Each structure stands twice: as C-alpha cells, then as structure tokens.
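Take the given structure of chain C and dock chain R to it, following the hints.
First to last, the sequence lines map onto chains C and R. Residue 74 in the numbering used here sits at position 74 of the first sequence; the count goes up by one each step and never skips. Counting from 1 along the second sequence, just add 235 to a position and that's the residue number in the numbering used here.
Just so you know, the hints here were simulated from the structure itself, not pulled from any lab data. Don't take each hint at face value.
Said to hold, decoys possible - In silico lysine-lysine, DSS-like type, Cα no more than 27 Å apart, as pairs:
#1 K126/C <-> K151/C
#2 K396/R <-> K75/C
#3 K396/R <-> K151/C
#4 K396/R <-> K72/C
#5 K126/C <-> K353/R
What the hints assert, rightly or not - One-sided and incomplete, this derived list gives chain C residues near chain R with beta-carbon spacing under 7 Å:
#6 K98
#7 I102
#8 S150
All values reported here derive from a predicted model rather than from experimental measurement. The beta-carbon is built from N, C-alpha and C at its ideal position, and this holds for glycine as well.
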Amino acid sequence: MLETVGLTTTYGSIAALRDVSLSVGEGEVVGLIGPNGAGKTTLLGSIAGLLQPVSGSVVFEGSDVTGNAPDKMLKAGLALVPEHRRIFTDLTVVENLKVGGITVGASERAGLLEEMADLFPVLRDKWETSAGFLSGGEAQQLAIARALMSKPRLLMMDEPSLGLAPVLVDLVFELIESLRNQGRTLLVVEQNATRMLEVSDRAYVLRSGELVAEGTGAELLERSDLFDTFVGGTS
Amino acid sequence: MTELIQNLIDGLGRGSIYALLALGVAVIFGVMHLLNFAHGELITVSGYVAYAMFNQGWSWYLVAPLIVVVAIIASLLIERVAFSLVRGASDFTLVLTSFGVHFLVSAMFVMFVGARVKTFSEPGWIADTIAIGPINVEVFDLVVIGVTIVTLLLTVAILQKTMFGLALRAAAADFDTARLMGIDSNRVIRGAFALSGALAGIAGIFWLMRAGNTAPSSGIDPMLKGVLAALIGGLGSMRGAVLGGLALGVAEVVLRSQLPGEAAALTEGVVFALIALLFIFRPQGIISVATAERV
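If we strip away everything but chain C, and leave its shape as in the complex, we get (with noise of 0.2 Å):
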C-alpha cells in the first residue's frame, strides 16, 4: 500500500534521512522504532509532505506522490497523527473532528462525528468543551479520532505513547490493537520499543537516518541488541 524508495532528506547540509525503503501492506500494523533523532519524524513528515524529501520517492496505492503537499496526500488517504499531538486548543471538542473531517461531505461527517463519539466515549462527554482543557490522554484520543474522520486508508502516528502517564500508556496501546483489529493499516513510530513490537505485525528499526533491521514484531524483540540502548524508553 505504502513504499519509500531510497528516501533522502535533509536539514540543510544535515541528512536526517538516508536511503530509507520500508514498505506497509494493506491491513498491517507496522512499526517504526529507534532512538531519539533517529530521523523518525522525519520520515513521517517526509512521507506525509510536511517535508521535501532531497532524493527518493514514496508510492502510495500505486502512484508516486513523492513532494505532494500534505492536504493532497491527506485527499489520497493517508493521514498523520502529529508528534505531541497538536490538536487545535482554541477549538472545541467537536470543532477538532469536524477540521479532522474537512474533506468528507457533510453527511457523511456526521455520521463519522458519531462514530468517533462510541469509539471514543471520553470525548463525547466533552463534546463542547474547549480541546485546551483535556488532559494528556484525552487529546492523544482526540488526536487520533481527529485523523480517523478523513477516513484515511494508511493512518501514521508519531509517538502516541509520548508524555503519558503509564496507564495512558496502556491505553494508547490498546487503542492500536483495537483498530488493528479494526482491519485498519497503521505505520506507528515509538520510542516505546518493547511495547510497540508486541502489538506489530512487522517492524523497522531507525538509527542515525538510516534503517538498521527489519523483521517481524516477534523477531525484533528476540534482538534486543539492535536496540538496547532504547528498549523500553518511554522518555
């Protein structure tokens, strides 16, 4: 569904990314794991068009979208959670999902506004609330159904898991398994290695930009000198 070729990107004369190929196939629960500034966000933001990627190409469904601005790619069904969340404050509850869902006709937004609300009971009690006021777990939730309300094919998040308190954490993790189940396709980064293999289907590993192993969630945890220094981190 979802292929880098050799992706490349840099900061200035700084390449944070290099020669990165990964794939995610339809239905697949794929992790991207690695140390911090291991270029993981970049890579999100590079495929996601946040980020103009110096060489390489990303193909997505079949086509290369490879420096498609990111309302484009959005349109063609991949969307991304963003690192720390960064929901609208300043909007209510609801207004949050409805911009989540700009790009669906009104009907059906409505529909999917009532589906994010069972899916996420916890909001719905917030529903007029200004999102300024949720707590961490509340907004990561919002963030999340935010992205769901375009409907999108591939959804990535970039460090679900970050700044929660444990409990949070564990419920961010069951929400991964719950829409994996769900049949949805997921490309998750996490600093939270160990917990993030148990819930993959296939996993990479990234350090300093470049990609260092892949394998099944099961077979990277067996290999836990790939990632040692970082195992379990929840930073």
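Relative to chain C, chain R alone:
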C-alpha cells in the same frame, strides 16, 4: 456627563471603523504571520474607483457596495502578485514586503493618476444629528456603529458556523497541522485575504464618506489605525483587534475634547504615549495569543 456620552458615541463610531480595519489585519496575521502594512492601500484603491464612478454620475448607494467589491479584488490581487511569493519567509521579510506594496501602490497612483487630491462630495446626511433627550448624536456614528455590529455578527457566524471559518481558525492556530487535516493552504490564505478585503471595504465606505477625498497617500492613516488597533488588542486575536479598535477610537475622541486648550492639538501624540505605556506594562496587548504558527 452629557458631553461624555456624546464623546463616547462619537468615539465608538470612529472606533468601529478602526475595529473593522484591525480585524482584517488580525485575520491575515493569523494565517500568515504577516503584519500587513499594505492594508490601508485597499482604501486608496477603493477611493480612486469611487472617485471615477462619482464622475460617471453614480450615487453613494451604488458606490458603497462597489467599494467592498473593489477592496476584496484588490486584496486578492495583492496576495497573488506579492505575498504569495514570500510565503514561508521570515516575519521580517513579510513586513518589508508589505511596506513595499504600500509604497508601490501609492507611487503608481502618483505616476498614473497624479499627486493631486481628488475630491468628491460626501453623502448629504453626513452632518445630520438627532437629539436623544439632551444628547445630540451624529446619524453617521449611529450608521457606522450599526453596520459594524451587523458586520461583526456576520463575521462571527462565518468563523463559527461555516467549514471555511473552521478551516481559517484551525490554520491560524497551527498551519502545518491544518494542512495535515487536508486544508488547502492556497484556499485558506486566499479566503483570509478576501475576508480581510471585505472588512477593509466596509470600513473604507465610511472612511471615504468622512474624508470626501482620496490621494496617493490616503492609505497611511487607515493602515496606521488598523495595525495599531490590532497591536493594542493583542496581535493575532480577532476579539482583541475589535476591542483595540474601539479603545483607540474612544481614546482619540475623549482626549481631543478633554485635553485643555492647546494640548488638544497633541491628541495623536498623547494617544501614542498611552499606547507606549500599554506596551510597557502589557507587551502582548489586551488579549494575549499563543504564538501562532507561520506558513
């Protein structure tokens, strides 16, 4: 007491115009982080078109809506030929570009139309007053205040109830994330310039009615008032911009009538001194906004 109430109404009338200008400045700053020093040029351009149409025998009733249309078109045109080229540049580059547009537009009128002030007649009712009890109120002030209230209500409805308004607010809060949600940056920025132009056009109708003339440098005064009011209110805050505009208008009128004798001529200076004082104690303006994301 009577005088104070009269001053207050007069100040609110004046402040309403500033509020509409400041709101337009705030809308643009919200989505682009551009402090638009070219905002007043929308009134210059509208003023010349109004002058041309008066010469064709048009009345104010026909010219007024035309002014709004012209301001919207001018706003979109300036975005296209100037600001779209520097999107994503530093704040400083954006401000310099807006200064460039400001000087370029005035220079073009000097070159192609002439430096002389073009006058036209004000509407007949502009000096009419009505007595409410002991208070004499200018009809003009009441019209301005009324139209401003309707305009603000409409603007609020657009911002709160339409998907365009929602997109604009989301883009103003966090531009990159808004794009990730599928919001087209071109469309939301052009929409912001159209809205800003419409607000400047409505303010421009009253500005031109009161001035009764237009000149190449006509944009400076409305630009200063709009930008200042937006700064007073807290840059990026739309509510703040409206409050800032009203405060500026009331301060001007009250000071002009209350300052003793000769000092009244220094009203503008005193207003600036007060603004400087405000920024010393509250540099973020009346309403503080978390730093808006830039394009």
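Evaluation of the provided hints:
For the suggested pair K126/C and K151/C, the alpha carbons sit about 22 Å apart, so the restraint of at most 27 Å is met. This hinted pair checks out: K396/R and K75/C have alpha carbons roughly 23 Å apart, not beyond 27 Å. At roughly 23 Å between alpha-carbon atoms, K396/R and K151/C fall within 27 Å of each other, so this suggested pair holds. About 25 Å separates the Cα atoms of K396/R and K72/C, which keeps this hinted pair within 27 Å; it holds.
For the given pair, K126/C sits about 58 Å from K353/R by alpha-carbon distance, which is inconsistent with the 27 Å threshold. At a threshold of 7 Å, the smallest CB-CB gap from K98/C to chain R is about 6 Å, leaving the interface hint in force. Using the Cβ-Cβ criterion of 7 Å, the hint placing I102/C at the interface with chain R is satisfied: the shortest such distance is roughly 6 Å. Of the supplied interface hints, the one on S150/C holds, with its beta-carbon coming within about 6 Å of a beta-carbon of chain R, less than 7 Å.
In terms of the numbered hints stated before, the structure departs from hint 5 and from no other.
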